[in-house]
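Using the sequences provided together with the hints, build the complete structure.
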Amino acid sequence: MNRTMSSSPRERDVDVVVIGAGISGLATAKCLLDDGFKVTVIERSGDIGGLWTFRENDYGVMRFTHINVSKHNYCFSDFPFPDDVPDYPHNKDMAKYIKDYATHFDLQNHIKFFTKVKRLEKTEDDKWRVYCQKMEKDGVTQKESSDEDETITARYVAIATGHHASPVVPMFRGEDTFTGKVLHSVKYKDVVTNGMEGKRVLIIGIGNSAVDVAVNCASQGRCKSVYLSTRSGAWVVPNYLFGVPTDMYACRAFFWIPWKVGSTIFENIVRMISGDPKKWNLNPKMRLLQTQPTVSPCLIHHIQRHDISVVPNVQSIDGSTVTFVNGQSADFDFIVKCTGYKIDLPFLSEELKRTILDEDSNSIKLYKNVFNPEIGHSLAFIGFAQPASGGLLSMSEIQARWFTELCRGRCSLPTPMTMKEDILEDEKKVRSRYYHSNRHTIQKDPILYNDDISAKFGAKPELLKNPTLAWRLLLGACGTYQWRLQGPNSWSGAKNAVLKVPLTAMWHYTGVAVLMLAAVWLLYILSFVF
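Residue 112 in this note's numbering sits at position 75 of the sequence shown; the count goes up by one each step and never skips.
There may be inaccurate statements among the hints.
Dumping the calculated SDA-like pairs for lysine to any residue here, alpha-carbon to alpha-carbon at most 25 angstroms [said to hold, decoys possible]:
hint : residue 1 : residue 2
1    : K236      : F101
2    : K322      : Q341
3    : K149      : D50
4    : K402      : S203
5    : K379      : G356
6    : K261      : V362
7    : K405      : D50
8    : K405      : A202
9    : K224      : N94
10   : K322      : V467
11   : K75       : F150
12   : K180      : S203
13   : K218      : G377
These are calculated hints, taken from the structure and not from any lab test.
Printed below as a string of structure tokens:
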């Protein structure tokens, strides 16, 4: 039950408050502790890891979820996964890895568990006051006792609650007549737990969660029918291309190619491996590199076997019957809406929320997705980006390191006017590049983004300073470790970790061919000189 904050709560001061003990919050706390800050992390639940900690009755991954980014691109930059963990770890591997990281760097002692931020406000002396409320063991129910309230005052605050915060739940015409059960994917654990075995299931959406649910229903649930309804279609990319994790193909040299040319290259590779997506009714309305790809090793396999049927958007619902916009209809017992999430910051005042967030478009008014020009670096938003390839963790960690450097005064932000101009320019780039959708408003390419941010505090990997890694830095993904090669809090193991990251044969031999052609051209020119 909600209640008013105590008029005389317990109070204390720290240097920095970090809100959220997921991967972004933990990375932020570790970076701040490295530089000697007094840090308190506030976490509403009783465990760390955020969505990567499976919970039976709360927000988190599905029971069967594997990450869809390889472990080299989804790890802390100075704490690699063990070698025996598979390329695409299961969520249990992720949860253990995150706990090992927190233990190794002694982060748990700085976390207040079962504590929720009720309100965040700026004080007259330019500090932040964080009003906290103790929670029950379920991490959802607020405790009744008023003496459990606490106020923390800090010079700096980092919000690391994530952009997958509040489910988006569209309503369809006639949905109130549906005789079965409707749920959002946030409530989906697995086909058995949700009682969907042997049932007729409709999944709405075609992002990674939707595909995971559909495959789980088809392979484990012995469902009578599994339909996947998509409004805009999708390019479905396999986990591996030519035996190498797909995200290993993102590299600096690739980003020199115009994105439409790069998209053509990868579209043709996908067609070679899986066939034209139109053949499987996937019908993407966008180019492959105009959207966050849907990654699945087995969706098309199940479509080919008629275990899963792909249909267009829902037109209407009447009882158990769902009619689609192409006139096709079918009966269902369950509808699972895998329709995404929106940014939600309920502890901000309405004025502060308007300054930072456009709730209608799900866009944020933040310089480089981290700082608001009107507020400055005292309030940071960590992890509020959507990676176009690779994982969010590398981006969150770079943001956290930048935040730490700013708090220490070793670098500074541009003027508010310059930051506002950069935000507008960035919005134009996103609109011109990505398919128009609320899911793409904060889309970034991790390598380009991390290079941009790390250059501001001296951590961008430089070829001249790393000559033995130059080939890999140009043509390889290099993992998260590359941003620990130099700069503040660099890591002595970064070079060896980079060398362990697979270098794709495609880019390696393409690079060799380009060098050979350049050499031949140079010899041809010199033949006229001499």
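Here's how the hints hold up against the structure:
1. K236 x F101: Roughly 19 angstroms between the alpha carbons, so the hint for K236 and F101 holds.
2. K322 x Q341: 21 angstroms, holds
3. K149 x D50: 14 angstroms, holds
4. K402 x S203: 19 angstroms, holds
5. K379 x G356: 29 angstroms, violated
6. K261 x V362: 23 angstroms, holds
7. K405 x D50: 29 angstroms, violated
8. K405 x A202: Since the Cα atoms of K405 and A202 sit roughly 20 angstroms apart, the hinted pair holds (cutoff 25 angstroms).
9. K224 x N94: 8 angstroms, holds
10. K322 x V467: Holds, because 17 angstroms separates the two Cα atoms, which is no more than 25 angstroms.
11. K75 x F150: Satisfied, since the Cα-Cα distance of roughly 17 angstroms is no more than 25 angstroms.
12. K180 x S203: OK: K180 and S203 at ~22 angstroms, within 25 angstroms.
13. K218 x G377: Holds, at roughly 19 angstroms.
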